[in-house]
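Q: Kindly produce the complete structure, drawing on both the sequences and the hints.
As they're listed, the protein sequences go chains A and B. Mapping of the first sequence onto the working numbering: residues 1 to 292, in sequence order. Mapping of the second sequence onto the working numbering: residues 1001 to 1409, in sequence order.
These are computed hints drawn from the structure, not numbers from a lab. These figures come from a predicted structure and were not determined experimentally. Heads up, the beta-carbon is just placed ideally off N, CA and C, and yes, glycines get one too. Hints are supplied without guarantee of correctness; some may be wrong.
Said to hold, decoys possible - When the alpha-carbon atoms are kept at most 20 Å apart in a straight line, the in silico EDC-like pairs for lysine to aspartate or glutamate are as follows:
id, chain 1, residue 1, chain 2, residue 2
1, B, LYS1126, B, ASP1368
2, B, LYS1275, B, GLU1251
3, B, LYS1218, A, GLU222
4, B, LYS1344, B, ASP1368
5, B, LYS1218, A, ASP219
6, B, LYS1344, B, ASP1102
7, B, LYS1218, A, ASP120
8, B, LYS1128, B, ASP1362
9, B, LYS1233, A, ASP120
10, B, LYS1233, B, GLU1199
11, B, LYS1275, A, ASP120
12, B, LYS1157, B, ASP1362
13, B, LYS1406, B, ASP1285
14, B, LYS1255, A, ASP5
15, B, LYS1255, A, ASP219
16, B, LYS1406, B, ASP1279
17, B, LYS1126, B, ASP1332
18, B, LYS1218, B, GLU1169
19, B, LYS1033, B, GLU1335
20, B, LYS1072, B, ASP1367
21, B, LYS1406, B, GLU1251
22, B, LYS1089, A, ASP219
23, B, LYS1233, A, ASP5
24, B, LYS1365, B, ASP1332
25, B, LYS1275, B, GLU1125
What the hints assert, rightly or not - Partial list, derived from the structure: chain B residues whose beta carbon lies under 8 Å from chain A:
id, residue
26, THR1223
27, ALA1224
28, SER1227
29, LYS1228
30, TYR1243
31, GLY1244
32, PRO1392
33, ALA1393
34, ARG1394
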Amino acid sequence: MFSLDLLLQAVVSGVLLGGVYGLVASGLSLIFGVLRIINFAHGAVMMLAMYATYWLFTLLHVDPYLSILVTGPAFFLLGMLIQRVVIEPNRFAAEHNQLLLTLGLALFLENLALVLWQGDFRTVRPAYANASFTLGEALVEVPRLVACGGAVVMALALFGFLRLTDVGKAIRALAEEPEGAMLMGIDVGRIRAVAFGIGAGCVAVAGALVTPFFYVAPDVGESFNIMAFVVVVLGGMGNFVGALLGGFIVGLAESLGATALPGSLKQLVVFALFVLVLLFRPAGLFGGGRGR
Amino acid sequence: MPRARVSRRVFLGTVGAAAALGALPGVGRAQGKEVRLGYILPVTGPLAFEAQLSLNGLQLAVDEINGVGGVKALGGAKLTLLPGDTQQKVELGNSEAARLIDQGVCALIGPFSSLVAYSVRQVTEKNKTPFMLLAAVADNLTEGGLRYVFRVQPNGKSMATLTMNNMFEMARAASAPVKRVAMMHEDGNFGTTMGNHVEAFAGKLGYALVQRIPYSLKSPDFTAELSKVKAAKPDLLVISGYYGDSKIIAETAAKLRIGVNALVGLANAAYSNPKFIADNRQLTDNLFDGNYWHNPQSPRARAVFAAYEKRFGSTLTSHGVQAYTVIYVLKDALERAASADRDKLRDALARTDLADHILPQDAIKFDDTGENVNATPALLQVQNGKAVVVGPARFAEAKPVFPVPKWHG
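A: Below, the structure written as structure tokens:
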């Protein structure tokens, strides 16, 4: 039972979800490129941003998309704070310790959310939450389309920022050649904080974009975090554009897998891809990046 | 919604006090004025909210009984609840169970997780302590010739097969027989058990399971899966899942105009949940769910609901109903045993024949394995923003809407 309609639907769903994966992964990739740490707390930060979106909507009736204007900068600052207080002091610790550090941070944030807001599932459903149209026979949900579009715009804006601005160039310099960057008079401490802040800001925007069609709960970040890791490896660790493209590949692999294979094998497709890339293209499909 | 919650500190304080009390043999034990019951629940951790709902039910029943003179056959002995926290972990389940047994509880109640229950039942069996299962649904918990395990609520098999039965009876009565069934379930122990039973039951009820789709709870999108379901043109879509996933499935099914006669939850964590219904009025109208429930025809159930609402400021849930019932089953057995001796209590429990209860079933009786022979889920449907019982017919409080026009659109 593999009709053309099902195929079209799978492609549409995969692309729409892939954009979001891409944005989440972009932040992760940037942090890795500059700080050389794998940030396990990335999903937890996304979860916090989703709660922020939820509370802004529930208490102050701020539209989830508009709330990005608040949560984006706020999480940029929060990211810088986290980097300054938690990550920076351990910069010279062994790599596995830094890994454990971010994992610990993730557990801390998730349990903090559990204490503050309980395990309840909360949802944000603005008027347009159920808007949809059909493309041929395929269903296109407007909030998912907006999320994908927003993610791509955000990722491209960031790409431009990294290419064109001084701070962006400094970030790339630091990713490329840390010592050289320092010798050139770049305030590397500040740039590391900025990079982490941008990563947190990216994932906060992604969080706000998915909230209208998803739910908010303390462990919600995991849904996206695991996929984001796959995407980062797929696109090449630290390769920014690769992360965005990788997002689309993983999204497509997932939904095509769900259509073509029985049951929960769709996850298998994604992780098989992950293993294959690690085996044959360890630097990622688009080349290992140093802030490309 | 105000909620009485046990904070971690208060909880630890209580445990500490209880432990201190346990360390002083003779205090409060020798006088025969107290019967100790222990609970092991995931009071802290991700299931803390659900555990609290059960705890409220236990406390309500205990206080009711103590308020009208305790266990009469034991000279008016008062029931005392001793706390244990499993945090949903096997090793904690075992150690907390052993600790409570050391402190002289005559029965244990808990522990939510089937995995924890599977392990704790070794501890209770070894110590000859009655173990009243709460919320643990796995079929195999009563297997293996154990003598001390009892389960009041339906196990996985009864839940699945009786819900399908209820659905079929209703569909026949509505002259819209069901021939094709699709099932989506989360791919953990709970969902897989339900899926297996629905698949195995197909021959008996004479339906074809045209799609069976296990899915990962963490999946953020079910459009591809539901498109497959739609293409298989089933009459029913049965869904066993937790809260978030079930919600996204229902939303996506609506957008896809899935074209079934009904969406049916099977022990679904969302579809008959009052909060879910309140949050999703548009979506939930006419959703079905086979689930643990109370008997809406019972005046006593109404009184219990009122008492619960008054005390805890929220609506009694099925977790609370099960917990409340377990205390009364124990109380009934204690009266008949006229002893808090664990073995005598176990024998009395095995002979239980309790007709005065608030469940949608006949008398509570246990078979040789400790399963309640008359245990049955209720078939619920959301109507006007409230989950009402539409089956089995003798407990129904409303007529079912079937086929549901919206899902057929």
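Q: Could you work out which earlier hints the structure fails to respect and list their numbers in ascending sequence?
A: 8, 9, 15, 17, 18, 20, 25, 32, 33, 34
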